[in-house]
Amino acid sequence: MLDDLRELYQEVILDHGKNPRNYGKPDEVSHRAGGHNPLCGDRIFVYLHVDAEGVVRNAAFDGRGCAISQASASLMTEIVSGKTLGQVDTLFRNFHEMCTSDGDVETDGSLADEMDRLQVLSGVRQYPIRVKCATLAWHTMNAALQGEAEATTE
Amino acid sequence: MSQAVAETTLDGANRSNLPAYDVDKVRADFPILSREVYGKPLVFLDSGASAKKPRAVIDAVSAVYEGEYANIHRGVHYLSVRATQLYDEAREKVRAYLNAAKIGEIVFTRNTTEAINLVASSFTGQRLREGDEILLTELEHHANIVPWQLAAGRAGAVVRASPVDDDGLVDLEKFEAMLTSRTKMVAFTHTSNVLGVVTPAKEMTRLAHEKGIPVLIDGAQSAVHLSVDVQDLDCDFFTFTGHKLYGPSGIGVLYGKSNHLEAMPPYQGGGDMIEYVTFEKTTFAKPPERFEAGTPHISGAIGLGAAIDYVNALGRDAVAAHEHGLLQYATARLSDMPGVRLFGAKGEKASIVSFLQDDVHPHDVGTILDQAGVAVRVGHHCAQPLMDRFGISGTVRASIGLYNTREEIDKLADSLHHVKEIFG
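Those protein sequence lines, which keep their order, are chains A and B. Read in order, the letters of the first sequence correspond to residues 5 to 158 in our numbering. Read in order, the letters of the second sequence correspond to residues 7 to 430 in our numbering.
To be clear, the hints were calculated from the coordinates, so they are not data collected in a lab. Please note that a few of the clues may not be correct.
As the list claims (entries may be wrong) - Covered stretches of chain A, as calculated for chain B (at least 3 residues, CB under 8 Å):
1) 8-17
2) 30-37
3) 81-90
Claimed, not checked - Label-pair ranges, simulated between beta-carbon atoms:
4) B:G162 to A:T156: 27 to 35 Å
5) A:D66 to B:N265: 35 to 43 Å
6) A:P30 to B:M343: 34 to 42 Å
7) A:V59 to B:K352: 50 to 58 Å
8) B:D342 to A:E15: 40 to 48 Å
9) A:S105 to B:E427: 52 to 60 Å
10) A:D66 to B:A102: 52 to 60 Å
11) B:E136 to A:R10: 54 to 62 Å
12) B:E209 to A:T156: 35 to 43 Å
13) A:T156 to B:P391: 26 to 34 Å
14) B:H215 to A:E152: 25 to 33 Å
15) A:I133 to B:P391: 23 to 31 Å
16) A:R10 to B:A69: 44 to 52 Å
Virtual Cβ for every residue (Gly too), placed ideally from N, Cα, C.
Modelling step: build the complete structure from the supplied sequences, incorporating the hints.
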């Protein structure tokens, strides 16, 4: 049983959950959105600074949530920094597919390293109720980029 | 309610007079309790969300459909008369369970939520004017907040919440001070679904009545664990639901004093709630039928009657004593665990322990317990204002039913060690 749980709560997740990176609202923000999971009442905010060339210069978040959602948000902010909006969109779709489908995810070869890092969150597939915890930050970032103020997992 | 609570929270001397409570025999009445999850025995500590059903209830519902089902209040034929009789008998069982004065004071609804909405709409909503107030407490479930906000919003009235202290206990002085000439309705829970704290409902009702303010008591949790006597409480309305009382889902109850129900307009229109209909005018049936438009949950009401019979046969005092013993045991075991922080562990309580472990999010605790076969509720429990009051996003809640055992409480406590193993 503990082995199954350790598959979900891998060291990377526990580390990012306890010490989230890029936590807090930065000074320079071009896109922002709030994300809400009505099931648990958790709420996060994602802040992005996208430059004129359409590259994410900085990504950050704050808010509260479980270990899975905090770790996912933390990893996401690290991974999307420096990416073009096109790459961010591909990562969003690939990550979502990784969390919700059983098969391997076809990915753009240039983003293979990033998807490898995100594999630590694929354990949520075995816990359908927790998928939303992992995807909340990504939905929120996507909402911010679409110009929407709010994302919800429902 | 203090008197009724005193009767159910028996001291050792009283408890020894009760017949022995054979929990193994009780568990054998609940088929689902013998199943496994993830290859482990199910430890079900989430009856506060919805309780499991005994064979007697399952059989009663099946028996209606297999042998006695027809629509009620309509046909002259044998089965319709028979189904109507069973439905009316179920209403009488509910009346007796609450010790209501009259059978016409018992309205069947879908659930507690619908019962509260009915009162908010057909009673309170009719009386509210701009600037009026509805007084709740900080303990309330969303079902006892949102209907009042809707009614208040339509009238330009305001919803206020009487504060609770750090243990979740209602501050009676502050409550009394918030009862003003603007207060047109008071509504509060009898037992907090988050903390298990029992409110001083009888005293709160008396204080409201001193100022002529009607009272609704949300009994969704209390009707399962306390011996409720609506005449002793003297509340104007009392609501509860069947599925937490080991009955079917989709059937709930509104008790209302007959003078109120007689004066209230219908909540919904349709068949079964009329006396006479023309296109110009309709005259409405008397309560309770006035508030039961359309074909009701016939088998659900009959199943609820069977659930009440089941609990009565076990003995409500015996059940309460068993649950209270487990609650005390659970509180003691969890209190002893390092890093566990209990919420609302003082005062009169019924069947619920709410806690956090270290700074681990309740959803993570819930997933880890689930893998051990232990089912608890985690999150805000549909009581976000109370979570805000405590400055937390949620808790882990173990709620105890009449079939739970000390071994299951041990399993809960032991499984919490896995949280430490994972999160350090």
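Checklist entry - Against the structure shown, which of the earlier numbered hints fail to hold, in ascending order? => result As far as the earlier hints go, 2, 3, 5, 8, 9, 13, 14 are violated by this structure, in ascending order.
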